[in-house]
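With the hints as a guide, dock the two chains, each given alone in a separate frame, to form the complex.
The lines below spell out each chain.
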Amino acid sequence: MSNPGNIHDKVEQAMSSIDKVGRAKSNPFLYTRIMASLADDDKRERTIFNRPAIALASVLFIILMNSLVFFQNSETSTAVGPAQEDEQIFAKEYNYPLTTADRLYSVNDDQ
Amino acid sequence: MNELELIDRLKGGDQAAFKSIVETWQDMVYNTSLGIVQSVEDAEDVAQEVFVQVYESINQFKGDSKFSTWLYRIAVTKSLDHLRKKKRKKRFAFLQSLFGVNEEEVRHTPDFNHPGVGLENKEKASVLFKAIDKLPDNQKTAFTLHKLEGLSYQEVAEVMETTVSSVESLMHRAKGNLKKILTDYYQNLKE
Numbered sequence: 001m002s003n004p005g006n007i008h009d010k011v012e013q014a015m016s017s018i019d020k021v022g023r024a025k026s027n028p029f030l031y032t033r034i035m036a037s038l039a040d041d042d043k044r045e046r047t048i049f050n051r052p053a054i055a056l057a058s059v060l061f062i063i064l065m066n067s068l069v070f071f072q073n074s075e076t077s078t079a080v081g082p083a084q085e086d087e088q089i090f091a092k093e094y095n096y097p098l099t100t101a102d103r104l105y106s107v108n109d110d111q
Numbered sequence: 001m002n003e004l005e006l007i008d009r010l011k012g013g014d015q016a017a018f019k020s021i022v023e024t025w026q027d028m029v030y031n032t033s034l035g036i037v038q039s040v041e042d043a044e045d046v047a048q049e050v051f052v053q054v055y056e057s058i059n060q061f062k063g064d065s066k067f068s069t070w071l072y073r074i075a076v077t078k079s080l081d082h083l084r085k086k087k088r089k090k091r092f093a094f095l096q097s098l099f100g101v102n103e104e105e106v107r108h109t110p111d112f113n114h115p116g117v118g119l120e121n122k123e124k125a126s127v128l129f130k131a132i133d134k135l136p137d138n139q140k141t142a143f144t145l146h147k148l149e150g151l152s153y154q155e156v157a158e159v160m161e162t163t164v165s166s167v168e169s170l171m172h173r174a175k176g177n178l179k180k181i182l183t184d185y186y187q188n189l190k191e
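Taken in order, these protein sequences are the chains called A and B. Note that this note's numbering gives residue 88 to position 88 of the first sequence, counting from 1, and the numbers run on in steps of one. Note that this note's numbering gives residue 3 to position 3 of the second sequence, counting from 1, and the numbers run on in steps of one.
Simulated from the structure, these hints should not be mistaken for laboratory data. Quick caveat: nothing in here was measured; it's all calculated off a predicted structure. Glycine included, every Cβ here is placed at the ideal spot set by N, Cα and C.
Label-pair restraints from in silico Cβ distances:
(1) Pro52(A) <-> Asp14(B): 19 to 29 Å
(2) Glu168(B) <-> Asn27(A): 34 to 44 Å
(3) Asp9(A) <-> Gly13(B): 56 to 66 Å
(4) Gln60(B) <-> Asp42(A): 15 to 25 Å
(5) Leu4(B) <-> Asn27(A): 20 to 30 Å
(6) Lys180(B) <-> Asn27(A): 29 to 39 Å
The shape of chain B in the complex, shown without the other chains (with noise of 0.2 Å):
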């Protein structure tokens, strides 16, 4: 059965065609959110809830774009979101701390290990998803699409709703920053 069967027969309410789309392309949804909120617990909640909104608002999908350039925007929007929530609740905390009221909330986070990275570079990976963490949303996007789901600029464009040369320059900016952070990162290290 093709994409655009499976959709039709989702809009009508046929729950094993949803049960295909879930088994598709929840792999690429899980793994997207991964590298966005770098943690395996909160990745799994964001992978639900974007299922969830596809079988709610699947007669919002009309068709315009790739389904899987749709699934890749809602799964973006969720990751970035549950981030906001994440950094929201963790500010509130560390209020709280300053007051001697839920000491125990404020913790550092762990280190991240992507596990779809091989062992050799598991170390060098995890300092460089730190500093993915701290660029602004847009850079993070563009940067996490193209490395860990290996889309295209083109591809990246259509998903970000942008042109092919925005996402050349938010690259080129990821980068850079991307590089400061890092050796920034090092150089303390030594000192």
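In isolation and in its complexed conformation, chain A is listed as follows (with noise of 0.2 Å):
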């Protein structure tokens, strides 16, 4: 069986083992490696896109051109093609109804 008291000891020499401890040394090429790192991050950064603001008007002249061409897609279905324009002109002329609810009211109208 265990002895607490080794224990005790045990655990309180282990917390004070580190109370007399000295400073780590760095790596005395640490500078080198940091330059070195921040050459790479200039060459990444160089990238075009890697700049935020390119890449957010990049992003904005995308939005802006979908958008210019949905709307520009929209006004062209709701015009009056030409074919639509003879199909109104050929109805004017026969008095034909043009539109369902025209054509219900005619019906109606003739009983």
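What follows is the structure in structure tokens.
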């Protein structure tokens, strides 16, 4: 069976084992490593799309172009095209109801 | 040249000032990281990251606190981030090993021997460091800064941006937890 007094002593000894610890010395080439790392970062930053302002401007440009194309398409789809114009002229000439609602009213009027 | 002059010159992009800053504080940063990450290679990587951040964000240092306090804060944050990343990687490697992939990646962490510990205390200190590694982040930070860097409770409070009484409480809990972990360790060793 383990002796509690003995364990207590070991715990206390472990707790005080770093009381007189010295400061660890760093790698003497740390500065060289840091400068190499900074040079690598510089190279990476030189890629044009890594700059936040340019990346943001590119995204905004793409959104703008997309919305321009979208609105242009929606305008052309609501405007009356040449085929529809012919249809309207034909309907006017022969008193033909152009929409379903007009057709229904004309049926009701006949009755 | 004093600390403030060095910082002003670094803000102006002076490389010699940066070299001087690195040479003055590299052991302090390295020792702090080493206490937290408990690996010589990882502590070197963290120290490098700390000074890269210092170089890139020196303009954010407004002089509200001591420069060393600011440096300690960066060192502690980077070290804890490094530990989190390492634990995440370990967990992922363990999951992969369950499916038979990357079995070599799951290795037991070797015992850590702090280079500043005397030969007669090496073994006990290694057990203590293993226990420190099991502490929650804030207790680990307070204990490491106080015990390994020799900072007073007031200085630890400034680094951790908290009050002295909070640091006292963290230290009390850290010591209690360490004693419990060490007791369990020695009991299991005897059985």
